[in-house]
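Enquirer: Sequence:
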Amino acid sequence: FVGGLSEATYFPNYLHIICAFARYCVFLGLKKLHSSDVIAALEFFETKHRPTADYRFESHLAEVHVDAGSQLISQELRDFLLAAHVRLIAAAPHHQHQNGLNERRWQLVRLIMFKHLTHARLGLEFLDMSLKYSYEVSNMLPLKLVTVTLPDGTVVPSTPFKKYFEFKPPVGRFRVFGCPVVVKVYT
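Numbering (the working numbering), first residue to last: 1035 to 1221.
Some hints could be false.
[Said to hold, decoys possible] Below, computed lysine-lysine pairings styled on DSS-like, alpha-carbon distance capped at 27 Å:
#: 1; residue 1: K1197; residue 2: K1166
#: 2; residue 1: K1082; residue 2: K1218
#: 3; residue 1: K1166; residue 2: K1149
#: 4; residue 1: K1166; residue 2: K1066
#: 5; residue 1: K1196; residue 2: K1166
#: 6; residue 1: K1178; residue 2: K1196
#: 7; residue 1: K1178; residue 2: K1202
#: 8; residue 1: K1082; residue 2: K1065
#: 9; residue 1: K1082; residue 2: K1196
#: 10; residue 1: K1082; residue 2: K1166
#: 11; residue 1: K1166; residue 2: K1065
#: 12; residue 1: K1166; residue 2: K1178
#: 13; residue 1: K1202; residue 2: K1166
#: 14; residue 1: K1082; residue 2: K1202
[Said to hold, decoys possible] Listed next, with one range per pair, are the computed distances between beta-carbon atoms:
#: 15; residue 1: C1213; residue 2: R1112; range: 43 to 51 Å
#: 16; residue 1: H1068; residue 2: K1218; range: 39 to 47 Å
#: 17; residue 1: E1110; residue 2: H1153; range: 37 to 45 Å
#: 18; residue 1: P1046; residue 2: R1207; range: 23 to 31 Å
#: 19; residue 1: V1189; residue 2: L1116; range: 33 to 41 Å
#: 20; residue 1: D1186; residue 2: Y1044; range: 43 to 51 Å
#: 21; residue 1: H1131; residue 2: R1084; range: 26 to 34 Å
#: 22; residue 1: K1082; residue 2: Y1044; range: 15 to 23 Å
#: 23; residue 1: P1214; residue 2: G1187; range: 47 to 55 Å
#: 24; residue 1: K1218; residue 2: R1155; range: 18 to 26 Å
#: 25; residue 1: S1108; residue 2: T1221; range: 56 to 64 Å
#: 26; residue 1: R1155; residue 2: T1081; range: 17 to 25 Å
If you're looking for bench data, these hints aren't it; they were derived computationally from the structure.
Keep in mind it's a predicted model, so treat the numbers as computed, not measured.
Backbone N, C-alpha and C fix where the C-beta goes; we use that ideal spot for every residue, glycine too.
Could you build all of it, start to finish, from the sequences and the hints given here?
Expert: Right, dumping it as structure tokens:
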């Protein structure tokens, strides 16, 4: 499996979801490239990456921007989004620059991902794990246009995680990607 250690960790396709307000992004693996898989991934995002307990597409999402892939502009996906009162906006074929926010964030995550693999001297078998770790790290880093206003009116830089979830990111779990691990067994 190129890009995965096993069938369970290998995904031939990814759905890249990014919040335009906070710049918080998530990559969700797709086993097949079908509109039903995209809908399942959107439902997973709605339940597992919600910023507040009352988060629902119907009340918090106005529009979805997608590439011109057939699974992303299918009638099945349009009906799903229409039921949630969400507008679907598709980029013209072969015009990725129309998805500037998404493409720029992918560029940042991709750069971090390959730096992780290079620094750890790991092959493409660890690509999926590096991608997941990289987008999580990128959500913890301050971005140029992500700011919050303090109660006294001061505008300060922030991270996508803090702006999306409204609390500081938990960074204690992050370690050097691909570092050797020693397991100690106490008897």
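Enquirer: Each of the hints needs a verdict: does it hold here or not?
Expert: Taking the hints in turn, this is what the structure says about them:
For the hint linking K1197 to K1166, the alpha-carbon distance of about 20 Å falls within 27 Å, and the restraint holds. Annotation: proposed proximity of K1082 to K1218 is violated, straight-line Cα distance about 33 Å (limit 27 Å). A C-alpha spacing of about 13 Å is found between K1166 and K1149, which places the hinted pair at or below 27 Å, so the restraint holds. Distance restraint check for K1166 and K1066: the Cα-Cα separation of roughly 18 Å lies within the 27 Å cut-off, and the hinted pair is therefore satisfied.
With a CA separation close to 19 Å, the supplied pair K1196 and K1166 stays within the 27 Å bound. As the CA atoms of K1178 and K1196 are separated by approximately 14 Å, the hinted pair is consistent with the 27 Å bound. Between K1178 and K1202 the CA atoms are separated by roughly 17 Å; this keeps the pair inside 27 Å, and the hint holds. For the given pair, K1082 sits about 19 Å from K1065 by alpha-carbon distance, which is consistent with the 27 Å threshold.
For the hint pairing K1082 with K1196, the CA-to-CA distance comes to about 17 Å; that is within 27 Å, so the pair holds. With a CA separation close to 15 Å, the supplied pair K1082 and K1166 stays within the 27 Å bound. As the CA atoms of K1166 and K1065 are separated by approximately 16 Å, the hinted pair is consistent with the 27 Å bound. For the suggested pair K1166 and K1178, the alpha carbons sit about 22 Å apart, so the restraint of at most 27 Å is met.
At most 27 Å may separate the alpha-carbon atoms for a hinted pair to count; K1202 and K1166 meet this at roughly 20 Å. Our distance criterion of 27 Å between C-alpha atoms is met by K1082 and K1202, whose separation comes to about 18 Å. The given range of 43 to 51 Å is respected by C1213 and R1112, whose C-beta atoms sit roughly 45 Å from each other. Separated by about 45 Å at the C-beta atoms, H1068 and K1218 satisfy the suggested range of 39 to 47 Å.
Between E1110 and H1153 the Cβ separation comes to about 42 Å, which falls inside the hinted range of 37 to 45 Å. Distance hint for P1046 and R1207: a CB-CB separation of about 28 Å, consistent with the stated range 23 to 31 Å. Between V1189 and L1116 the C-beta distance comes to about 37 Å, which sits within the given range of 33 to 41 Å. Evaluation of the 43 to 51 Å hint for D1186 and Y1044 yields a pass: the beta carbon distance comes to about 50 Å.
Taking 26 to 34 Å as the suggested C-beta distance range, the pair H1131 and R1084 conforms, at roughly 30 Å. Range check, K1082 to Y1044: about 20 Å between beta-carbon atoms, so the 15 to 23 Å window is met. At about 48 Å, the CB distance of P1214 to G1187 agrees with the hint of 47 to 55 Å. The hinted range of 18 to 26 Å is satisfied by K1218 and R1155, whose Cβ atoms lie roughly 24 Å apart.
Separation of S1108 from T1221 is about 57 Å and conforms to the stated range, judged on CB atoms against 56 to 64 Å. Look at R1155 against T1081: about 37 Å separates their beta carbons, and that is not inside 17 to 25 Å.
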